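Visitor: So the protein sequences, as listed, match chains B and V. When you line the first sequence up against my numbering, it's residues 144 to 567, in that order. When you line the second sequence up against my numbering, it's residues 31 to 111, in that order.
Hints in this document: simulated from the structure, not taken from any laboratory. All of these numbers come straight from a predicted model, not from anything done at the bench. Glycine included, C-beta positions come from ideal geometry on N, C-alpha and C. Check each hint, because a few of them may be wrong.
Taking lysine to aspartate or glutamate pairs in the DMTMM-like style, the calculated list, with each CA pair at most 20 angstroms apart, reads [claimed, not checked]:
hint : chain 1 : residue 1 : chain 2 : residue 2
1    : B       : Lys427    : V       : Glu50
2    : V       : Lys42     : B       : Glu259
3    : B       : Lys338    : V       : Glu50
What the simulated footprint calls covered on chain V by chain B, stretch by stretch (three residues with Cβ under 8 angstroms from a Cβ of chain B suffice, anywhere in the stretch; the number is not a length) [what the hints assert, rightly or not]:
hint : stretch
4    : 37-47
5    : 58-65
6    : 70-80
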Amino acid sequence: MMAEKQTGHIYTVSILTREIKTLLEETFPFIWVTGEISNYSVPSSGHSYFTLKDQQASIQAVIFKNQKLKLRFEPENGIKIYGLARLSIYEPRGTYQLIFEHLEPEGIGSIQIAFEQLKRKLSDKGYFDQKFKKPIPFLSSNICIITSGTGAALRDIIHISKRRFSNINLEVLPVKVQGAGAEQEIIEAIHFANKRQKAQVIILARGGGSIENFSAFNSELVADAVFLSKIPIITGVGHETDFTIADFVADLRAPTPSAAAELAIPDKQILTQRVFELRQRLDKSIFVRISHLNDMIASLTYRIKIPEMIIYSHRFKVEELELRLKNQIKNAIRNHKDKINGLTDMLMHHFYVIFQRNKIKQLELMSKLKALSPLSVLSRGYSITRFAFDKKIITDSIYVKPKDRLEIILSKGRLISTVEKVNG
Amino acid sequence: MVKKQSFEASLKELEEIVKEMESGNLSLEEAIKKYEHGIKHSKYCNAFLNTTEKKIILLAKDNDGNSIEEIFEDEQDDIQP
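Turn these sequences into a full structure, and let the hints steer you where they fit.
Guide: In structure tokens, the structure reads:
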């Protein structure tokens with residue numbers, strides 16, 4: 144070209160323009176460009192025309208209707224984008240412009256790329272492995288909250304903790320959760336909590352926001368701090384749909400700050416109720432056991448008492464027999480007495496009869512005897528001589544000596560006489 | 031007192047004891063021993079639930095990097111429904 148120019152070759156505008164077009168389009172077939180959108184307009188054709196600019200320069204740009212359908216956002220003035228474009232010359236006006244095939248908001252795009260890259264890297268390092276997840280203590284007496292000191296997240300967490308378990312200690316480590324220095328403050332807070340060793344669990348939280356706001360939670364250094372923390376960490380960042388690198392590394396990810404508090408803090412009322420129920424069951428089981436044993440003992444004791452009852456019953460039997468025996472004897476004695484009495488009566492009767500009979504006989508005999516009595520003999524003139532001394536009847540004179548005093552019984556009266564002479 | 035352990039462990043042990051006692055397979059001596067143990071655990075759990083002193087502290091650092099503890103004042107405290 145230089146040679147041609149030097150040789151005086153003259154271009155027509157059209158040829159020059161076409162040559163420039165060819166040159167540009169061949170040199171920059173598909174390029175990535177970044178800049179800020181301005182002068183954005185959509186004429187009736189449906190294509191979008193705008194100026195892409197940075198501090199020093201600007202280029203006209205267009206994106207056609209068909210390509211626009213594939214965009215995940217609506218371009219507008221002031222948005223920084225990056226995109227894939229062809230550079231093209233518009234020959235009638237001698238202007239060049241970028242024809243975009245694809246556009247992405249610049250911030251999110253790069254953040255997303257960085258996010259995916261970091262995610263892959265940490266995943267390869269094993270940061271997300273289940274085996275490294277520390278168990279969350281069932282009931283921590285001390286919980287460290289790392290979040291903004293002024294945000295709604297902290298208020299939510301405190302509120303939840305009061306509702307569920309009001310006497311759990313909370314330690315708040317206020318940090319910046321976005322902007323310059325946030326990353327460093329979060330890392331320091333995690334280190335500090337670990338050095339302090341008071342909390343049994345850390346809640347790392349942040350309220351909702353756009354992905355740019357979460358950059359501190361998507362940082363590799365924060366990921367390192369979370370991974371290396373000896374104290375288990377629960378993250379609660381943004382909303383349900385927000386996932387940050389910190390969430391993946393954390394021992395437990397909660398969808399929101401409130402949910403993080405709920406995962407960290409059990410409901411005291413439920414626990415108290417549970418302990419109460421267990422205590423009741425414990426008491427009941429031992430009381431049932433003891434009362435059952437009591438029943439058994441009572442029953443056994445009763446059965447032990449039975450021999451005693453046997454002794455009693457035997458004693459009753461003996462007493463009864465004794466009584467019957469006594470009665471028997473009494474009856475026997477009474478019977479005998481009656482018999483004896485009967486016999487005695489009979490005897491008396493017989494005796495009386497005999498007595499009467501004998502009395503009569505005796506009277507008869509008496510009269511007989513009377514007839515035979517010596518006295519009656521005496522009356523006939525006989526006398527009885529006896530010693531006065533011993534009343535011995537004298538029937539032979541040989542027993543009598545002179546001078547013996549003799550009594551002579553007559554039929555009537557007696558004579559005391561002295562013996563003068565004895566004739567043999 | 032039960033030797034210092036986590037609330038969770040104590041509660042779990044209490045649950046085990048209650049189950050064992052309710053199974054009725056224990057001798058009386060064992061049952062009484064378990065019961066005493068169970069009572070201790072239940073007391074420990076209750077103590078754990080009730081005696082922890084509630085405190086919210088704000089940990090800050092002074093200019094020399096030393097930590098300062100302040101009681102955190104939660105202005106929302108009384109407004110909660």
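Visitor: Give a verdict on every hint.
Guide: Here's how the hints hold up against the structure:
1. For the hint pairing Lys427(B) with Glu50(V), the CA-to-CA distance comes to about 13 angstroms; that is within 20 angstroms, so the pair holds.
2. With a CA separation close to 42 angstroms, the supplied pair Lys42(V) and Glu259(B) exceeds the 20 angstroms bound.
3. With a CA separation close to 42 angstroms, the supplied pair Lys338(B) and Glu50(V) exceeds the 20 angstroms bound.
4. Requiring three or more residues with a Cβ within less than 8 angstroms of a Cβ of chain B, the coverage given for the stretch 37-47 of chain V holds, as 6 such residues are present.
5. Closer than 8 angstroms: that is the beta-carbon criterion, and the stretch 58-65 of chain V has 4 residues meeting it against chain B, so the requirement of 3 holds.
6. Restraint check on the stretch 70-80 of chain V versus chain B: 6 residues with Cβ-Cβ distances below 8 angstroms, three needed, restraint holds.
Against the hints set out earlier in the document, violations occur for numbers 2, 3.
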